Amino acid sequence: MSASKPKLAMYWAASCGGCEIALANIDEVLLEVDHHFDFMFCPCLLDTKTKDIEALPDGDIFLTLFNGALRTEENKEMAELLRRKSKVFVAFGACAATGGIPALANQHGLQHLLDTVFLNAPSVENAARLIPQPICHVTDGELALPAFLPRVLAVHEAVSVDYTMPGCPPEPEQIIAVIRHVASGAPLPPLGTWLGCSSRAVCSECPREKRGVLAARLLRPYEGIPETGWCLVEQGFACLGPATRGGCHALCPTANMPCTGCYGALDATADPGASALTALAAAVDPGKLAGKGEEDLHRRIKHALSGVADPLGTFYRYSLAATVLAERKPEVEQ
Amino acid sequence: MSSRARTAVILCTCSGIIAERIDWEKVQKLLAGHPTRPVFRVDQLACGADNLEQLETWLKEEKPERVVVAACSPRDHEATFRRLLIGAGINPYFLQMVNVREQVAWVTADPVQATAKSARLLSAALDRVQRQEPLVARKVPLRTEVAIIGAGPAGMQAALTLARAGRKVTLIEKEPFIGGLPVRYEELFPNLECGPCLLEPVMGELLHGHESEYVDLLTLAEVTAVKGTFGNWTLTVKQRPRFINPDLCIGCMACAAVCPEHRPHAWNAAGELAAVDAPFAGALPNFPHIDPAVCLKLKGEECNACLVECPVEGSLAFDDTARQITIEVGAIIVATGALEKQDVPAAFAGLADVHTGYSFERLLAMNGPTGGEILKADGTPPQSVAIVHCAGSLDTNEISYCSGTCCRAALKYAHITAAKVAGVELTRLVREQVVPGLDADSQLHHDHSAVSRYSGLGALSVDGVGAERRIVCQDNGQSIAAEMIVLMRPVVPGAGTSKIAEVLELDTNAGGFLAQLHSLSASCASNMKGIYLAGTSRGPGDIREAFSSGTAAAGLALSELVDGRDLVVDPQVAVVDVMRCSGCGTCLQVCPYKAISWNARDRIADVADILCRGCGTCVAACPSGAITGQGFSRAMLRAEIGGVLS
Ligand SMILES: Cc1cc2nc3c(=O)[nH]c(=O)nc-3n(C[C@H](O)[C@H](O)[C@H](O)COP(=O)(O)OP(=O)(O)OC[C@H]3O[C@@H](n4cnc5c(N)ncnc54)[C@H](O)[C@@H]3O)c2cc1C
Ligand code: SF4
Ligand code: SF4
Ligand code: SF4
Ligand code: SF4
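Respectively, the protein sequence lines represent chains F and L.
Counted from 1, the first sequence has number 264 at position 264 by this note's numbering; the numbering is strictly sequential.
Counted from 1, the second sequence has number 789 at position 455 by this note's numbering; the numbering is strictly sequential.
Please note: incorrect hints may appear among the correct ones.
Straight-line Cα separation of at most 30 angstroms, DSBU-like style, residue types lysine-lysine; simulated pairs [to be verified]:
#	chain 1	residue 1	chain 2	residue 2
1	F	Lys210	L	Lys833
2	F	Lys210	L	Lys928
3	L	Lys572	L	Lys631
4	F	Lys302	L	Lys928
5	L	Lys502	L	Lys473
6	F	Lys210	L	Lys561
7	F	Lys76	F	Lys87
8	L	Lys561	L	Lys502
9	F	Lys49	F	Lys87
Hints listed in this document are in silico derivations from the structure and should not be mistaken for laboratory results.
Source: prediction; values computed, not measured.
Taking the hints into account, I'd like the entire structure generated from these sequences.
Structure (structure tokens):
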């Protein structure tokens, strides 16, 4: 029986495991998945080995949901392998789509990252100053660890991706919708389509009311308690709803939490962080600017944006691998 | 849309100016392999009338789908070549101009480089023009009536200019009388002309002249709301009751003479006015008005004093009520003027016989509180008068700009005071002296008052009282006789102007005056199409400027709203993709022309193409990429960049 069902694989590269939990969150629909698919590869849940995948004929897996960004050589090799073995290869979740949280590491060079994690973090005690190496000689021979890539990649930077499903993680009902669509045998959308999300921004799904008010400046989250029912941006909170694909049903803003942008930017031709920044800049009242000198303007803008303590982490939280900033030399330290 | 549309390229030499630097033969060779396989033609003067005829014939023979013209700036001749395309039966927006004259021939000295650069720019245009789309200009019928807000010199002049052209005008004035500030001034700088005499003919023509049938005057009226766009505005006007029937009242003011109740005289800044009265003799329209807060009868008490005295029954209309009037017009002219700043600086506050320019003007006026005599509060003439220029202007602590008219007004006061009060000791305290204008110099040259320089209001203090009172100036230790003091306070927008800016959503400049579309070349246009500006609502100025800007604003209305001519809406505007707009509101905040409004039903943004000027700000700002600048789509711009780099 299982041999006649199309094969389904799910893999994690540099990811947190949240995407797998999101899959588990489809609850009893898992039975439907089992009914339609031979769910044969998922290191988090199943004991299939890489060599089993290598043994498959190319294109033998019908659908692969690949989550996580590419941090190591191994991540990249697995992406290449699964791409080859899959008919439909989906970059699943924000990290696979645009780098996600792991790609924030691209702000720093590798050496800086290793030093921070293994030597300098306040909670680390490493008197021997040991730093893991790709190859390590021990008495019985040689141990190998997958080497780091020079920078974290979004999956499409390494292999060709058929579809992208955004979200950190993708919402269960969107996963259900996509899986049911594929299972139904209905024609698939044009290659490159973003699945499981809306073509409109989060604002279109958000129940909060726009009053057409400008905020005096952007606030840090601790600086205020949002008024219920009123758009967060208009109250000064850095909600990325205007610049983020919908599909989550405005989960966060509905719960008083500014959108952090996990469903990704809408305008594929524009820089994602820049879009978010323009949207927020337009929401802040610059005051009367006419006749003001350069210095004055600078001060005002600085004041207005003083609530953004970490601009890259705010505007590029999930997209640093996919921006024009991506090719910035990693050696350049902040 | 085919990506290989047949493209004609017109290469202009601009009578040799372009050919001096650019070798068109060479450019043709360089572009011979271009995938669009263009057909070329070199013209000596492409825009010449004869040549345009030949070009039209050529285009009709070649039947291209796209046209590229390499010539001068699109500002010069884009319209010319668009018309050429229309003549040849091609959509005018299938044109792309390459400005090789200003951007290559005039700036790139080396002919080899100039030729190579032109080839790249043409390659960009060829790639771009393939992506261009046929656009059609929309036509909208427009109204030709005009509303004018403020009946000072500027507003009245605009109204008359329009009425003379047969335009229906509604003139809306918040006061019970028209004429603005100068109608209350006895004499006007620079030539000491009589203010009321200058304005009376203008007011007379408005109220009773040939053109008056075109003018609908609403006094005691203010605009409270506005809807619509250029060519089709709807104004809501609230008019307070006058309690006088203008069809019956003959303006004899018998009522005022017998009225037992009085109120402070706001227009004289001194003295009192009866509950039923006109602000001053000669105020037009020549009717009194009743202040309902003071009139006993309107407060429900027993009083018939005026009714008994009035010779025309029915003139007093105690049942008059506030009206809300809706006016539909094509354009609005704002002429709400400016005022002197009202507060008195600390060093002078609460002192007797301290005037502002305005209250001193009223003192000089025959119809003012003293009948034109310069008298102190105690009724006697002052032995000394000190006039303080720049009292708050050119002062970073108060108003940073120069109010522009106060020096000339101050010189006027000095002159009149010297003539009226024999033996008066006159001092002008100045910081700067600004007397622009051809005939103002004589004011300065004929002035005999003592002049003392001071550095700022902070340097002045007042010492003593009455005839012994002196202004002490810290800067030079001088002590200046100042039994009467005139402070030339800064000219500021005034509440009427600030309010109208809010209602009409007009931008204001740093001083709070109405922002001009361009301070030099479009000083009578606002940031909103179909709203024009005149007079001191735009910033301090004299009556000459008020009159000329009134004419100018009327001229703009006449040239933009022509009877029988529809409004042709440039299709190169922003268009919102309703399937992608999330209603985030970003674009609403950034449009400098307020062309975008909120569509509450669909929760998305709406661009009014009539108002959009195609600036592209919203296109860049929309975080959803949901707005396209027609004629400047991303695909076109990318193709253009690709073409330059290829
Ligand atoms: C003290 C002083 C002395 C001056 N002396 C001279 C002089 O000698 N010679 C000279 O050339 N210039 C003089 N000026 C300048 C002169 O007053 C102005 O140039 C002139 O008044 C400008 O005319 P205007 O029509 O723009 O505005 P205004 O004369 O101010 O008229 C504006 C009108 O609009 C009305 N209005 C305001 N707001 C509203 C509203 N929201 N709705 C409806 N109506 C409204 C006002 O009631 C007023 O009637 C003097 C100015 C000052 C302050
Ligand atoms: S900006 Fe945020 S809070 Fe405001 S409507 Fe959009 S998603 Fe909702
Ligand atoms: S016009 Fe004269 S008095 Fe008025 S602010 Fe300018 S310099 Fe001062
Ligand atoms: S900026 Fe874009 S998405 Fe936002 S309201 Fe305007 S058109 Fe819609
Ligand atoms: S293109 Fe400019 S004028 Fe037109 S709607 Fe956008 S911002 Fe406003």
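We went through each hint and held it up to the structure:
no. : hint                  : verdict
1   : Lys210(F) / Lys833(L) : holds, 25 angstroms
2   : Lys210(F) / Lys928(L) : holds, 18 angstroms
3   : Lys572(L) / Lys631(L) : holds, 23 angstroms
4   : Lys302(F) / Lys928(L) : holds, 26 angstroms
5   : Lys502(L) / Lys473(L) : holds, 23 angstroms
6   : Lys210(F) / Lys561(L) : holds, 21 angstroms
7   : Lys76(F) / Lys87(F)   : holds, 18 angstroms
8   : Lys561(L) / Lys502(L) : holds, 19 angstroms
9   : Lys49(F) / Lys87(F)   : holds, 20 angstroms
The structure is consistent with each of the numbered hints, conforming to all of them.
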